Amino acid sequence: MEFLRPTTLADALAAKAEYPSAVPIAGGTDVMVELNFDKRRPDALLDLGNVAELSTWDVEGAVLRLGASVPYARIITELSDRLPGLAMAARTVGSPQIRNRGTVGGNLGSASPAGDAHPSLLAVDAVVEVASATGSRRVPITEFFLGPKKSALAPDELVVAVRVPVATGPQQFAKVGTRNAMVIAVCSFGLAVHPGTTAVGTGIGSAGPTPLRAPEAEAFAAQELPWGTRGLLSDAVARRFGELVAAAARPIDDVRGTAAYRRHALAVLAKRTLGWAWDEHRRSR
Amino acid sequence: MRVRIEVNGEQHVADDVWEGESLLYVLRERLGLPGSKNACEQGECGSCTVYLDDVAVCACLVAAGQAHDRRVRTVEGLADGDRLDPVQEAYLVSGAVQCGFCTPGLIVATHDLLRRNPHPSDPEIREALAGNLCRCTGYEKILDAVRLAASRSDGG
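One line per chain: the protein sequences are A and B, in this order.
So for the first sequence, my numbering puts the first residue at 1; every next one is plus one.
So for the second sequence, my numbering puts the first residue at 1; every next one is plus one.
Just so you know, these hints were derived from the structure itself, not from any lab.
Please note that a few of the clues may not be correct.
[Said to hold, decoys possible] Label-pair restraints from in silico Cβ distances:
(1) 2/B to 40/A: 21 to 31 Å
(2) 143/A to 69/B: 37 to 47 Å
(3) 98/B to 39/A: 49 to 59 Å
(4) 89/B to 231/A: 55 to 65 Å
(5) 77/A to 137/B: 43 to 53 Å
(6) 98/B to 226/A: 48 to 58 Å
(7) 137/A to 69/B: 28 to 38 Å
(8) 140/B to 10/A: 52 to 62 Å
[As the list claims (entries may be wrong)] Partial list, derived from the structure: chain A residues whose beta carbon lies under 10 Å from chain B:
(9) 4
(10) 25
(11) 27
(12) 28
(13) 32
(14) 35
(15) 40
(16) 102
(17) 180
(18) 285
All of these numbers come straight from a predicted model, not from anything done at the bench.
Where is the CB? At the ideal position from N, CA and C, for every residue including glycine.
The shape of chain A in the complex, shown without the other chains:
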């Protein structure tokens, strides 16, 4: 096995071009588990820990460009105001030790349907910036996930950054698991409310072959929320929103839960988070 240790992004991309089978490693929270349990024996590990360009973030107008190796702990401490949904999701990742190492770039690279960052990225239409030695391209998050642990990333490409629109209104994230820490989601839900454009974004985690959006629920909420009056969210609207989110899921029965439970729980999470977000919107100003 090779251990590749680039110190610049250009060197990292050159290394990936030379060793397309090299497994990128940043926080190691997925890759090292596979190595420790002998589930994977890559020809090479590509350590991204010394590539400074990947561990910074910048604001570019209405978009925050989040470097692929910024750990969750920094998203929580530095970005809770600009990316509240993603920061909430980050707080549910693993444990302090895991949040100190794990990264959104790694979450995207692994492309697990249960990845904690994905619902919040879907809810705000984030764009994944990927690059190879021959150039870079932007992949809308809705086109990034192709199947369980399969993404649009080509063998010679690396996730470089994710471009996340800065919040324009309340955002929420909720996750179901057996405890408050160290759980892979049974199901999860991300929500973004955009009062300026009277739109609502959604993201469903761990209830389908990929993370999913719930377009019908989004259209319904955009239509039915009392944007003009900022009135109370009616129970009927909240419940229907939950039903439409549950209907958009494509869950299976597995060790963490049944498909029926996941649909039920998603309806509850969607109803609750819409209520929390709408209350926050009503209190603001």
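Model the placement of chain B on the given structure of chain A, informed by the hints.
Coordinates of chain B only, in the frame set by chain A:
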């Protein structure tokens, strides 16, 4: 490959390190520092918690090569000679050590918590230690130890 790491203030070199090896393996099996414990090997239990450049991490999830030319502080590096760190002392005094296997990781995690937040609330303690499992289920005494260590840091 050769890996060079500063551990507890001393430079160490390990040769013939396998590229897929963890920092935990290097610490325990190559550098003779068995304080960090090897249990789950998947970041669940926290018993291998160490500082990597002052950040608390699971050593089992750090590739050895990722620690090259970096600073590591293990539980062995907390005491000042024979004088235990106040966190270690608090665990002893509170009876927070049963079988002792989870203790080194919990002590490093507690040390890290109190460095960042000298007076944590109970929910903050629980959140900070959520990545450390004690299978003797001695959590109440562990919480006592953290509270004691925090109260003692009051007096400087």
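Status of the hints after comparison with the structure:
no. : hint                      : in the structure
1   : 2/B to 40/A: 21 to 31 Å   : 24 Å, holds
2   : 143/A to 69/B: 37 to 47 Å : 39 Å, holds
3   : 98/B to 39/A: 49 to 59 Å  : 33 Å, violated
4   : 89/B to 231/A: 55 to 65 Å : 58 Å, holds
5   : 77/A to 137/B: 43 to 53 Å : 32 Å, violated
6   : 98/B to 226/A: 48 to 58 Å : 56 Å, holds
7   : 137/A to 69/B: 28 to 38 Å : 33 Å, holds
8   : 140/B to 10/A: 52 to 62 Å : 54 Å, holds
9   : 4                         : 9 Å, holds
10  : 25                        : 6 Å, holds
11  : 27                        : 7 Å, holds
12  : 28                        : 4 Å, holds
13  : 32                        : 4 Å, holds
14  : 35                        : 4 Å, holds
15  : 40                        : 9 Å, holds
16  : 102                       : 9 Å, holds
17  : 180                       : 7 Å, holds
18  : 285                       : 30 Å, violated
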